[in-house]
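**Student:** We have chain E already, so just place chain F on it with the hints.
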Amino acid sequence: MEYNAAVRLFDRYLEGELTEVQRKALEEYLEKDEACAAELDRYRRVHDVVHRYFETVRPGEGFLEDVMVGVEEIATPKNKRKKSRARTVAVDDGGGRKSPLLWVLPLIVVLGAGAWFAFFRTAPSTGVVLFVNGVAERGPLGSAKPLRQEDSLATGDELRADRGDLRIQLSDRTEITVTDGASFRVGSVDGAGARHEALAGTTRYTVFDGEDRFAVEFSAGRARVAESKEGEARFAVVVPERDSEATSVEVTRGAVRVATERGDQLVGEGMKSNVRRGAAPSQPVPIHAARREPRGERTRPDRDVTRRTSDRAPSPPPRQETDPTPAGASIDETIAKLQDPGAGTEAHLAALARLDARFVGDKADAVSALLRDIVRNEPDDTVRSAAFGRLVELAPDAAFEDAVDVLQNDSSVELRKKALQVLVSRPADPDDDPDAVRIVLLDTLGQSFSPDLVSLQLDLLREIAKIGNPDDVFAVLGVANRGDEIAVRKAALDAAGGFKSADAVDGLMEFLRDPEPDLRGAAAAGLRKLTGQSMGFDPAADEALREEVVQKWEAWWAENRGTFEF
Amino acid sequence: MASDRDLVQRAASGDRLAYRDLVQRYQTVVFGYAFFLTRDLDAGRRLAREALVRGFAEIQDSDRPWIEDLLQIVNALHRQGRRLKSSSIVDAGPDEGGSGPAPALSPALLQAIAEELHSLEVEERTLLTLRHGGGLSPEEIAEATGEPASGVSSQIARCFKHLRDRLVERAREGGLSLGV
Numbered sequence: 001m002e003y004n005a006a007v008r009l010f011d012r013y014l015e016g017e018l019t020e021v022q023r024k025a026l027e028e029y030l031e032k033d034e035a036c037a038a039e040l041d042r043y044r045r046v047h048d049v050v051h052r053y054f055e056t057v058r059p060g061e062g063f064l065e066d067v068m069v070g071v072e073e074i075a076t077p078k079n080k081r082k083k084s085r086a087r088t089v090a091v092d093d094g095g096g097r098k099s100p101l102l103w104v105l106p107l108i109v110v111l112g113a114g115a116w117f118a119f120f121r122t123a124p125s126t127g128v129v130l131f132v133n134g135v136a137e138r139g140p141l142g143s144a145k146p147l148r149q150e151d152s153l154a155t156g157d158e159l160r161a162d163r164g165d166l167r168i169q170l171s172d173r174t175e176i177t178v179t180d181g182a183s184f185r186v187g188s189v190d191g192a193g194a195r196h197e198a199l200a201g202t203t204r205y206t207v208f209d210g211e212d213r214f215a216v217e218f219s220a221g222r223a224r225v226a227e228s229k230e231g232e233a234r235f236a237v238v239v240p241e242r243d244s245e246a247t248s249v250e251v252t253r254g255a256v257r258v259a260t261e262r263g264d265q266l267v268g269e270g271m272k273s274n275v276r277r278g279a280a281p282s283q284p285v286p287i288h289a290a291r292r293e294p295r296g297e298r299t300r301p302d303r304d305v306t307r308r309t310s311d312r313a314p315s316p317p318p319r320q321e322t323d324p325t326p327a328g329a330s331i332d333e334t335i336a337k338l339q340d341p342g343a344g345t346e347a348h349l350a351a352l353a354r355l356d357a358r359f360v361g362d363k364a365d366a367v368s369a370l371l372r373d374i375v376r377n378e379p380d381d382t383v384r385s386a387a388f389g390r391l392v393e394l395a396p397d398a399a400f401e402d403a404v405d406v407l408q409n410d411s412s413v414e415l416r417k418k419a420l421q422v423l424v425s426r427p428a429d430p431d432d433d434p435d436a437v438r439i440v441l442l443d444t445l446g447q448s449f450s451p452d453l454v455s456l457q458l459d460l461l462r463e464i465a466k467i468g469n470p471d472d473v474f475a476v477l478g479v480a481n482r483g484d485e486i487a488v489r490k491a492a493l494d495a496a497g498g499f500k501s502a503d504a505v506d507g508l509m510e511f512l513r514d515p516e517p518d519l520r521g522a523a524a525a526g527l528r529k530l531t532g533q534s535m536g537f538d539p540a541a542d543e544a545l546r547e548e549v550v551q552k553w554e555a556w557w558a559e560n561r562g563t564f565e566f
Numbered sequence: 001m002a003s004d005r006d007l008v009q010r011a012a013s014g015d016r017l018a019y020r021d022l023v024q025r026y027q028t029v030v031f032g033y034a035f036f037l038t039r040d041l042d043a044g045r046r047l048a049r050e051a052l053v054r055g056f057a058e059i060q061d062s063d064r065p066w067i068e069d070l071l072q073i074v075n076a077l078h079r080q081g082r083r084l085k086s087s088s089i090v091d092a093g094p095d096e097g098g099s100g101p102a103p104a105l106s107p108a109l110l111q112a113i114a115e116e117l118h119s120l121e122v123e124e125r126t127l128l129t130l131r132h133g134g135g136l137s138p139e140e141i142a143e144a145t146g147e148p149a150s151g152v153s154s155q156i157a158r159c160f161k162h163l164r165d166r167l168v169e170r171a172r173e174g175g176l177s178l179g180v
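Listed in order, the protein sequences are those of chains E and F.
The numbers in my numbering rise by one with no breaks, and the one at position 546 of the first sequence is 546.
The numbers in my numbering rise by one with no breaks, and the one at position 33 of the second sequence is 33.
Okay, chain E solo, but in the shape it has when bound:
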């Protein structure tokens, strides 16, 4: 046993939860290590205090019943609504038997704006039917007409589906309201759409079906299911990605599936937000036939998803490492080289170097898909890095998503840092959410960082400070408070000094008493930068002297906080 392992057992030891063997081992160790025994003694005192604290702070005997009274109050009307809905949505299931649609249908509704560019600009509709599997119709009951694939949807349409799936895509800023679990009303949320709210960097669409609520957040072109309903596959979202592609998120029995589709072909899929994309298949791959594979298996040499389902000729035998792509090679030959896992790093790098926009020509989509696949699956970081650089150049519109994905998920620190630079240096687009990058950076900063990612963490802090949104100082100070590396905590304090806000001063002042001199120094430097005051604080001075200055600081700030101008 070693010191840290012993400390980890303290809590269970004091709670009497260790096994006999563990307890004896710990006690034997404590006899040998006086420092650890002393630590246990200190631990025990805090443990005792916390224990007694929680003994005191209890909700009391009547609390549970009190809560349940409130639950009953809201549950009663809820159940009435449920029964009412079951009656109103009953439909003929073909056998003369009435049954609630909600039970009959695994209903998948695809919302969003995937077809916006391809469709909305050429047709004045709010959406389109992607496909119908089963029976779907439009119009009031009794005079409804069948709904078919590629039908346009308009504001005010009422749709119903039975025995299968109805998938639709809606243009951006359109809402869909599930009125009774079976019918959908399409409406615009332009103006005062009650169910649409623009949050910072996030657009939230909410779908109601009487009592159930689904909310889906769109952030920087990506979709995240924020809330979902249990059970059946019921809900999906499409967000705009490219002219002919759409990314959908489906909630299916608690699992979230993300898929990138082109028409009815699946070109990539994954779980949660890890969208895995492949090259456009030469043969259509029906959605239901596509295999789901986990992301990140970079040892898998096969990059082309078409090889999973097509009967292509086997790859040519591996070439020598010294056989780079000839300068006169065509785009097809260059693509073939990149698809050949045996071609070697040098050949791959040479092929990637040739992929400028002019050379790629009308193969841009296929090449972009291939580059994405290389970024995700190529074992060699040099090749992945080069592919990522090319991808950003060739598909700048899609680069944002790719960069976010790399920044948050890639295994290479260097590539993640490169993605960060791509994000922060991308030219401003008036159509973009101005907070999109900021939110991605904050989201990334909130991840867990292993020690080998310290340099990325430092870069993130710097970039967040450069953006300088006052709200972000809490996230930055949160890093300074965490038990991360001192260098990171210090960088967080340095960054906090860049936020011109009273909250930053509040947070930095707390660190003047930090046990770490480096952190005290960083806090003092930040305060000086923000307020122009130093109070003569010396982070290396003895504690009594420091305390005297800190109190001076606090008194000054209490007097000036309300009126201080940064």
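Keep in mind that the hints were calculated from the coordinates and are not lab data.
Just to be clear, a hint being listed does not mean it is correct.
Just a sample of chain F residues kept apart from chain E, beta carbon distances all over 10 Å, derived [what the hints assert, rightly or not]: (1) P65; (2) A142; (3) A144.
Straight-line Cα separation of at most 16 Å, EDC-like style, residue types lysine to aspartate or glutamate; simulated pairs [to be verified]: (4) E/K417 with E/D381; (5) E/K417 with E/D459; (6) F/K161 with E/E39; (7) E/K417 with E/E463; (8) F/K161 with E/D514; (9) E/K418 with E/D381; (10) F/K161 with E/E516; (11) F/K161 with E/D41; (12) E/K552 with F/E173; (13) F/K161 with E/D48; (14) E/K500 with E/E565; (15) E/K418 with E/E401.
For glycine and all other residues, C-beta sits at the position ideal for the given N, C-alpha and C.
**Tutor:** Relative to chain E, chain F alone:
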């Protein structure tokens, strides 16, 4: 004993008894958390009750730990200023709802610990509440929060160290006899 997931599934379909079991399991945690935010026994109790009632209205069957959703509701309500008052626990009047036995700690010490717990990171605070407020084992905490079980004990040890550092600092400043 039914798992959290089972209870959440049943509660999401309207089963109030299942929800009652959930409340019973986590009431101390939710109350402890609400108390951290309000630092007032009565206000904490009201906030916790409101959050738990709303929790039933919003409960969803998902993979996310239910307790996380609920603590978010507590946070949201607290931010909205739905609590009726927030005052020092030292000044709090008698607890009409029967908030447990008489304080075993002095009011000043109780106040100090509440404040120091409040100043911990949210994750640390939640962890300590689950462990010592809710009496959950590290494995149960892992299940409730979705964290790997292997890390929970280390995190608890770290929380205690942070808390101790803060209490020691406070004792130096204010002359409180914390015995830590």
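**Student:** Between the alpha carbons of E/K417 and E/D459, is the straight-line distance 16 Å or under?
**Tutor:** holds (8 Å)
**Student:** Can you confirm whether the C-alpha distance between F/K161 and E/E39 stays at or below 16 Å?
**Tutor:** holds (10 Å)
**Student:** Quick one, are E/K552 and F/E173 close enough, alpha carbons at most 16 Å?
**Tutor:** Within the cut-off at roughly 15 Å; holds.
**Student:** Measuring Cβ to Cβ, find out whether F/A144 lies farther than 10 Å from everything in chain E.
**Tutor:** holds (16 Å)
**Student:** Take the C-alpha atoms of F/K161 and E/D48, compute the straight-line distance between them, and say whether it is at most 16 Å.
**Tutor:** With Cα atoms ~13 Å apart, F/K161 and E/D48 stay inside 16 Å; holds.
**Student:** Next pair to validate is F/K161 with E/E516; report whether the Cα-Cα distance is within 16 Å.
**Tutor:** Holds: F/K161 and E/E516 sit about 15 Å apart, inside 16 Å.
**Student:** Run the distance test for E/K418 versus E/E401: straight-line Cα separation, threshold 16 Å.
**Tutor:** With Cα atoms ~14 Å apart, E/K418 and E/E401 stay inside 16 Å; holds.
**Student:** Would you assess whether F/A142, listed as outside the interface, keeps its beta-carbon beyond 10 Å of every beta-carbon in chain E?
**Tutor:** holds (14 Å)
**Student:** Hint check: E/K500 vs E/E565, CA-CA at most 16 Å. Holds or violated?
**Tutor:** holds (9 Å)
**Student:** Below or equal to 16 Å on CA atoms is what counts here, so check E/K418 against E/D381.
**Tutor:** holds (12 Å)
**Student:** Holds or violated: are the alpha carbons of F/K161 and E/D514 at most 16 Å from each other?
**Tutor:** It holds: about 14 Å lies between the C-alpha atoms, which stays within 16 Å.
**Student:** Taking only the CA atoms, is the gap from E/K417 to E/E463 under or equal to 16 Å?
**Tutor:** Measuring from Cα to Cα gives roughly 11 Å; hence the hint holds.
Of the hints listed earlier, there is not a single one the structure fails to meet.
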